[in-house]
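4 protein chains.
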Amino acid sequence: MAHVVRDPDYEARVRASFARQKFMATLGARLESVAPGEVIITLSFRDDLVQQHGFMHAGALTSVVDSACGYAALTLMEPGAAVLAVEFKVNLMAPASGTEFRAVGRVVRAGRTLTVCAGEFRSIGKERDTVVALMQGTMMAVRDKQLTD
Amino acid sequence: MAHVVRDPDYEARVRASFARQKFMATLGARLESVAPGEVIITLSFRDDLVQQHGFMHAGALTSVVDSACGYAALTLMEPGAAVLAVEFKVNLMAPASGTEFRAVGRVVRAGRTLTVCAGEFRSIGKERDTVVALMQGTMMAVRDKQLTD
Amino acid sequence: MAHVVRDPDYEARVRASFARQKFMATLGARLESVAPGEVIITLSFRDDLVQQHGFMHAGALTSVVDSACGYAALTLMEPGAAVLAVEFKVNLMAPASGTEFRAVGRVVRAGRTLTVCAGEFRSIGKERDTVVALMQGTMMAVRDKQLTD
Amino acid sequence: MAHVVRDPDYEARVRASFARQKFMATLGARLESVAPGEVIITLSFRDDLVQQHGFMHAGALTSVVDSACGYAALTLMEPGAAVLAVEFKVNLMAPASGTEFRAVGRVVRAGRTLTVCAGEFRSIGKERDTVVALMQGTMMAVRDKQLTD
Numbered sequence: 550m551a552h553v554v555r556d557p558d559y560e561a562r563v564r565a566s567f568a569r570q571k572f573m574a575t576l577g578a579r580l581e582s583v584a585p586g587e588v589i590i591t592l593s594f595r596d597d598l599v600q601q602h603g604f605m606h607a608g609a610l611t612s613v614v615d616s617a618c619g620y621a622a623l624t625l626m627e628p629g630a631a632v633l634a635v636e637f638k639v640n641l642m643a644p645a646s647g648t649e650f651r652a653v654g655r656v657v658r659a660g661r662t663l664t665v666c667a668g669e670f671r672s673i674g675k676e677r678d679t680v681v682a683l684m685q686g687t688m689m690a691v692r693d694k695q696l697t698d
Numbered sequence: 550m551a552h553v554v555r556d557p558d559y560e561a562r563v564r565a566s567f568a569r570q571k572f573m574a575t576l577g578a579r580l581e582s583v584a585p586g587e588v589i590i591t592l593s594f595r596d597d598l599v600q601q602h603g604f605m606h607a608g609a610l611t612s613v614v615d616s617a618c619g620y621a622a623l624t625l626m627e628p629g630a631a632v633l634a635v636e637f638k639v640n641l642m643a644p645a646s647g648t649e650f651r652a653v654g655r656v657v658r659a660g661r662t663l664t665v666c667a668g669e670f671r672s673i674g675k676e677r678d679t680v681v682a683l684m685q686g687t688m689m690a691v692r693d694k695q696l697t698d
Numbered sequence: 550m551a552h553v554v555r556d557p558d559y560e561a562r563v564r565a566s567f568a569r570q571k572f573m574a575t576l577g578a579r580l581e582s583v584a585p586g587e588v589i590i591t592l593s594f595r596d597d598l599v600q601q602h603g604f605m606h607a608g609a610l611t612s613v614v615d616s617a618c619g620y621a622a623l624t625l626m627e628p629g630a631a632v633l634a635v636e637f638k639v640n641l642m643a644p645a646s647g648t649e650f651r652a653v654g655r656v657v658r659a660g661r662t663l664t665v666c667a668g669e670f671r672s673i674g675k676e677r678d679t680v681v682a683l684m685q686g687t688m689m690a691v692r693d694k695q696l697t698d
Numbered sequence: 550m551a552h553v554v555r556d557p558d559y560e561a562r563v564r565a566s567f568a569r570q571k572f573m574a575t576l577g578a579r580l581e582s583v584a585p586g587e588v589i590i591t592l593s594f595r596d597d598l599v600q601q602h603g604f605m606h607a608g609a610l611t612s613v614v615d616s617a618c619g620y621a622a623l624t625l626m627e628p629g630a631a632v633l634a635v636e637f638k639v640n641l642m643a644p645a646s647g648t649e650f651r652a653v654g655r656v657v658r659a660g661r662t663l664t665v666c667a668g669e670f671r672s673i674g675k676e677r678d679t680v681v682a683l684m685q686g687t688m689m690a691v692r693d694k695q696l697t698d
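Chains as they are written, first to last, in the working numbering: chain A, 550 to 698; chain B, 550 to 698; chain C, 550 to 698; chain D, 550 to 698.
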């Protein structure tokens with residue numbers, strides 16, 4: 550699946566849009582890398598992001614995987630298109646324990662309107678990572694609204 | 550679908566557990582109501598919860614719908630069981646614009662181990678609400694771990 | 550959610566398209582009713598549609614709920630548009646036992662391109678139905694291809 | 550993710566259970582391979598399995614990917630456990646055109662009760678395959694019912 554880049558400035562565009570997602574700053578999420586069809590966001594454990602058992606809340610990790618998937622889709626869109634999430638599904642496979650996390654969003658298939666993405670939320674371990682959650686979702690290129698990315 | 554309550558103190562239990570979900574406080578989410586098989590959480594627009602176009606981030610709204618669904622499931626569990634999200638799927642139907650929002654989580658089927666829930670995230674309007682997102686997910690009763698709710 | 554009908558011949562159109570879905574005939578599925586935003590398909594137990602424990606296969610019931618949801622979406626599309634499934638999620642809540650079943654597909658939100666649907670697969674009982682499975686999915690109006698419905 | 554085999558006869562067990570899934574015979578599906586955590590099922594185009602535009606019906610392909618995922622989960626279960634699908638989500642990425650298809654089901658995480666699987670439905674091409682659909686789902690080991698696999 551070789552990806553076609555339609556906007557040579559895709560990285561700057563993703564970074565600028567990410568900077569406008571104030572919720573990412575609220576979570577302390579950082580944009581680690583931007584490549585055609587793949588975006589990685591990192592997150593650190595914070596006590597104010599937990600659910601009732603002290604693990605990171607499923608919604609917090611979904612937020613960063615959703616952003617990673619959305620921006621992975623945006624890397625392949627032409628200038629002028631904006632990205633919106635249509636739907637996503639998340640399977641939670643292990644408690645989100647640990648101190649550092651990595652959300653990876655990848656494009657599985659980029660269509661003109663819809664892009665299918667696969668995402669992972671990993672707890673970074675000394676020896677190996679643990680996959681905490683898996684996302685499968687759909688992103689949409691919006692061209693007819695007053696939205697830009 | 551008449552629900553069977555196994556813990557007469559279900560409301561106090563849900564309220565205590567919600568209070569331990571520090572991520573809910575971070576989002577400014579409030580537990581509005583707790584009934585057998587139905588929990589409602591409210592949320593207000595805040596500029597630090599938005600995505601790049603100024604709407605509430607899909608992850609922020611997913612977080613409160615997930616908590617509403619999880620606690621709806623917990624209202625029907627016996628004392629001692631803890632609740633964990635297994636998976637959820639969210640369809641985003643409209644931009645999350647507005648100033649006040651309501652997340653409703655309802656139990657569709659409560660099994661001994663797994664509970665299927667349906668959730669909605671609504672933007673509260675003067676005349677009528679707009680359904681922003683729809684969730685369909687699975688919650689699990691955990692009995693064999695050192696988890697309590 | 551009052552639905553807007555854009556094709557006064559929506560019922561004939563859905564019935565003609567359903568008749569071309571040869572897989573529905575293979576399953577013995579019948580189109581019971583077609584209303585704006587809601588389509589019902591019935592199915593009878595057949596021994597050649599079962600999984601290994603003798604219940605109706607999850608794929609068989611998904612097939613009819615998918616068709617019910619797709620055609621519910623089509624009832625609201627303008628003449629000339631064709632419908633395709635983008636994605637669906639199914640929660641299986643009870644074994645599909647029984648002799649007669651009903652799949653209900655309903656439009657939750659109809660957009661110009663994407664329509665969100667909710668579906669149910671019910672086992673029809675003497676006193677009450679049992680909801681066997683729940684679907685939440687997305688249908689797409691296709692206008693630029695050589696597809697018609 | 551090295552998988553642990555708990556039943557040395559896993560292949561015979563999967564093959565015997567598959568043979569009882571009469572719906573697979575109805576679809577003409579064949580069990581191609583059974584390995585720990587991975588099962589492949591093949592399917593051929595048949596005119597009686599199509600939707601209204603002449604492509605294979607999404608429900609037909611979901612059926613074989615669901616069986617592939619379920620049996621992938623069963624390869625890792627101990628003797629005596631039966632497998633049931635809890636939920637699955639399918640993204641349809643391309644029309645299911647072609648003459649030969651392959652459904653691959655893989656275990657992503659095997660837990661004591663729940664197993665998360667990833668599935669693909671591929672149209673086999675001369676030079677390369679086309680991924681038609683992607684599944685992410687949950688399978689359950691059932692031990693307390695009168696079900697066996």
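Wrong hints could be hidden among the right ones.
Here are the in silico distance ranges between beta carbons for each label pair [claimed, not checked]:
hint, chain 1, residue 1, chain 2, residue 2, range
1, A, R555, D, P557, 18 to 28 Å
2, C, R661, B, S582, 50 to 60 Å
3, C, T697, D, P557, 47 to 57 Å
For the chain D half of the interface with chain C, some residues (derived, Cβ under 10 Å), not all of them [to be verified]:
hint, residue
4, V554
5, A574
6, S593
7, R595
8, F637
No lab work stands behind these hints: they were computed from the structure. Backbone N, C-alpha and C define an ideal beta-carbon position, used for all residues, glycine too.
Close enough to count: is the Cβ of D/R595 nearer than 10 Å to one in chain C? holds (9 Å)
Verify the CB-CB distance for C/T697 and D/P557 against the hinted window 47 to 57 Å. holds (54 Å)
With 50 to 60 Å as the target window, see if C/R661 and B/S582 comply at their CB atoms. violated (36 Å)
Residue hint D/F637, partner chain C, criterion CB-CB below 10 Å: holds (6 Å)
Using the beta carbons of A/R555 and D/P557, state whether their distance is inside 18 to 28 Å or not. Between A/R555 and D/P557, where Cβ atoms are some 52 Å apart, the hint is violated.
Does D/V554 pass the interface hint, meaning its C-beta sits closer than 10 Å to a C-beta of chain C? The hint is violated - D/V554 has no Cβ within 10 Å of chain C, the shortest such distance being about 20 Å.
Does D/A574 hold up as a contact with chain C if the rule is Cβ-Cβ below 10 Å? This hint holds: D/A574 lies near chain C, its Cβ roughly 7 Å from the closest one there, short of 10 Å.
Under 10 Å is the threshold here; is the Cβ of D/S593 close enough to any Cβ of chain C for the hint to stand? violated (14 Å)
Violation of the numbered hints given earlier is confined to hints 1, 2, 4, 6; the remaining hints are satisfied by the structure.
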